[in-house]
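Asks: Heads up: the protein sequence lines correspond to chains U and E, in order.
Take the first sequence: its letter number 105 is residue 105 in my numbering, and every next letter is one higher.
Each position in the second sequence, counted from 1, maps to that position plus 1000 in my numbering.
In case anyone wonders, no lab produced these hints; they're calculated from the structure.
For glycine and all other residues, C-beta sits at the position ideal for the given N, C-alpha and C.
One thing to keep in mind: the hints can contain errors.
To be verified - Derived pair list, reagent style SDA-like, types lysine to any residue, alpha-carbon separation capped at 20 Å:
| id | chain 1 | residue 1 | chain 2 | residue 2 |
| --- | --- | --- | --- | --- |
| 1 | E | K1079 | E | G1054 |
| 2 | E | K1094 | U | R45 |
| 3 | E | K1094 | U | L250 |
| 4 | E | K1094 | U | D252 |
| 5 | E | K1094 | U | L190 |
| 6 | E | K1094 | U | L39 |
| 7 | E | K1134 | E | K1302 |
| 8 | E | K1094 | U | S48 |
| 9 | E | K1094 | U | N244 |
| 10 | E | K1102 | U | A240 |
| 11 | E | K1122 | U | Y251 |
| 12 | E | K1283 | E | E1127 |
| 13 | E | K1122 | U | D49 |
| 14 | E | K1102 | U | R45 |
| 15 | E | K1122 | U | L250 |
| 16 | E | K1094 | U | D61 |
| 17 | E | K1102 | U | N244 |
| 18 | E | K1352 | U | Y251 |
| 19 | E | K1094 | U | L264 |
| 20 | E | K1102 | U | L253 |
| 21 | E | K1094 | U | D66 |
| 22 | E | K1122 | E | V1358 |
| 23 | E | K1102 | U | D49 |
| 24 | E | K1102 | U | A41 |
| 25 | E | K1302 | E | K1283 |
| 26 | E | K1352 | U | L250 |
Claimed, not checked - Covered stretches of chain E, going by a simulated chain U footprint (3 or more residues, C-beta under 8 Å):
| id | segment |
| --- | --- |
| 27 | 1090–1100 |
| 28 | 1184–1191 |
| 29 | 1238–1251 |
| 30 | 1353–1365 |
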Amino acid sequence: MGLLRVRQWASTRGGVGVRPGLLLLLPLIATLLFLVLPLAALVDRSVSDQGIGAAFDLLGDDLFVDALKRTLVLSLIVTFGCCVIGVPYTLAMVGARRSVGLVLLLILLSTFWISILVRTFGWVLLLQPAGALEQVLHKFGLVSGSLDLFQTTPAMYPAMVHVMLPFFILPVYASCLRLDTDLLRAGQSLGAKPLSVLRHVVLPHLRPAILAGASIVFMLSLGFFVTPLLLGGPDNLTVATLINRQFSELYDLGTAATMALFLLIVVLVLYLVIDRFVPLVQSGAPDT
Amino acid sequence: MPPSYGHLTRRSLLQRGSVAVGALGVPGLLASCGGDDDGNPKTTGTDASRDISGKVIYADYGGTTREASQAAFYTPFEKETGVPVVPGDVDTSKMRLFAENKRSEWDLANLDGWEVVDFAEKGWLEELPDWVKKTDLVSPEFQKWTVGNYSASLGIAFNVEEGNKPPTSWADFWDTRKFPGKRGVPNFGYVQFEAALLADGVPHEEIYPIDFERATAKLDELRDQILYWDTFGQSMQFLAQGSVGMTMNTNSRTVLFRDQGLPVDFVWDDAILLPWGGNGILKYGPNRDAAFALADFCADPKRQAEFSRLTLYGPTQSAALDLMDDDLLSKLPNSPEHESAAFSLNVPDRAKQNDEIVQRWTEWVS
């Protein structure tokens, strides 16, 4: 894919005089140094500490299986939440007046630009006991006492959806921009009401992008770390926070490595399966 | 004493978040305390004939403890020897890797007493040469493995506005009917089992070996009321903003904040005294001789007294206690008065169960 792009680019500029292979040298070295080697070390650590069958032993470990189930459910819910909020948001971005659309885009991008840590801390300040949300609700007399949200599973969802939303919306937004507006006019001129234009023209066009966005969000959510760590509390371990616990509290590097590999393989398999049905790479990012 | 277990990721994440708490005044306090440092450079017995050069890398807990260490130890050491002390962030999982790879990034690490015992047995620490001064409050059989740094009390920090009468024991910490409000508890295995057993009425001399069944049953009673914190700063923040009514914390943090005018106080009765922690010298460190010299420097009573004045942690050199006035003594964990009121844990006993404590806590909490 990358190589092809580079070839095309190079051929359009004929006289650049740099071989595409050379251009790829640095990225290749970086990949080798920072991805392949660490992964090899991870495999080595896992196998030398635990043996080849360790991954199967993991399936007998209740804590791990619980964390895995929790992570899958969490990722599904977050993906669903992103779809429900993301599709209308995208349509609003495209459909609204230009200035409003721009503001919506800026709001979205701001969640990209502000560090995930800062945003998660924002949610901590909002949700913690005696935090902002509780104070507001108390002020209006809507709730008395503690909300008991902080360090619970429900506390994680809004923050995770917030963090993941751009990964969903941007591909859908790109697809929206590619929609031929003549099709909308054609639909209207043939008597379709706005809702049926949406149903028969817009959504079918967006379908691949929605699926791609959802898949990306789902796979990213499987590795979620900071947000569950800070909002979920210790009894809401996801696979990633469990790996952290193995590593930094129990000093069990072998098990941590095995868990990490397990998660990696799950994500890779998912990727390969999904990629067969949804062209993830092409619509995975807005056109540049 | 900051968390002793790993948590590098989590802690470094949280340190950024707790800047706000730091801004409440500790740095200012440190600065004002440091003002009358008499800075006499000739107080230590660092052997002048020992020619040291380069630098020393000291892995500590960062934050306010590091600032105080810099003022009391690192900077004066550099002034005297010309060898700068470079701080790093302590992380036990890294120490494990250092020992495995036989190469360490750090020369010294700030360790809890039970870590000194555990790591000495694992062979991760360098034995001290005879010329390094001993610290007499460290358990005698481990004085050759570490120069003590400080003692700390882990006890109940409470909000004085919260209730009418202050709590006086761990039993009160558990009694959420008499003392309503959530409870702040560390999110890593520390002294929670000891606290649970004390709350359950186990006499001091029978705490070790820990009866985990009994301790976890007691912890179960409190589970719904717990708010977990990752750093002592976050613990204080929870208390200050009213998220919890009581929280476990050190005498140091709590009393420093009280002296700043925050409506918090510390319960000395039944507080869990960690009688000594140490400066451990790591095997395979890059600057061994300079590390020994720094350890020796840290054993100096005057320097220790200065560190205590800045942090309210207790010295591990009894001569340092003689240099302090009554006001300072009244805030230290190992002044005679507070030591007798506290549960002073037996470091070697605690060390024997250390791995199990971490394991059991992890199981219980998740």
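Asks: So, for every hint listed, does it hold in this structure?
Replies: Do the hints match the structure? See the list:
1. E:K1079 - E:G1054: Holds, at roughly 14 Å.
2. E:K1094 - U:R45: 15 Å, holds
3. E:K1094 - U:L250: Roughly 12 Å separates the two Cα atoms, so the pair holds.
4. E:K1094 - U:D252: Holds, because 12 Å separates the two Cα atoms, which is no more than 20 Å.
5. E:K1094 - U:L190: It is violated: about 69 Å lies between the C-alpha atoms, which goes past 20 Å.
6. E:K1094 - U:L39: The hint holds at about 19 Å.
7. E:K1134 - E:K1302: 14 Å, holds
8. E:K1094 - U:S48: 19 Å, holds
9. E:K1094 - U:N244: 13 Å, holds
10. E:K1102 - U:A240: Distance ~29 Å between K1102 of chain E and A240 of chain U Cα, so the pair is violated.
11. E:K1122 - U:Y251: Status holds; Cα separation ~14 Å.
12. E:K1283 - E:E1127: 9 Å, holds
13. E:K1122 - U:D49: 18 Å, holds
14. E:K1102 - U:R45: 17 Å, holds
15. E:K1122 - U:L250: Given pair K1122 of chain E, L250 of chain U holds - Cα atoms ~16 Å apart, limit 20 Å.
16. E:K1094 - U:D61: Violated: K1094 of chain E and D61 of chain U sit about 26 Å apart, past 20 Å.
17. E:K1102 - U:N244: 24 Å, violated
18. E:K1352 - U:Y251: It holds: about 17 Å lies between the C-alpha atoms, which stays within 20 Å.
19. E:K1094 - U:L264: 23 Å, violated
20. E:K1102 - U:L253: 17 Å, holds
21. E:K1094 - U:D66: The given pair, whose Cα atoms are some 28 Å apart, is violated under the 20 Å limit.
22. E:K1122 - E:V1358: Given that 20 Å is the threshold and the Cα spacing comes to 17 Å, the pair holds.
23. E:K1102 - U:D49: Holds - the C-alpha atoms of D49 of chain U and K1102 of chain E are around 18 Å apart, at most 20 Å.
24. E:K1102 - U:A41: 17 Å, holds
25. E:K1302 - E:K1283: Distance ~28 Å between K1302 of chain E and K1283 of chain E Cα, so the pair is violated.
26. E:K1352 - U:L250: Holds, at about 16 Å.
27. 1090–1100: holds (count 5)
28. 1184–1191: holds (count 3)
29. 1238–1251: holds (count 5)
30. 1353–1365: Held - the segment 1353–1365 of chain E has 5 residues with a Cβ nearer than 8 Å to chain U, which meets the minimum of three.
The structure is inconsistent with the numbered hints 5, 10, 16, 17, 19, 21 and 25, although it conforms to all the rest.
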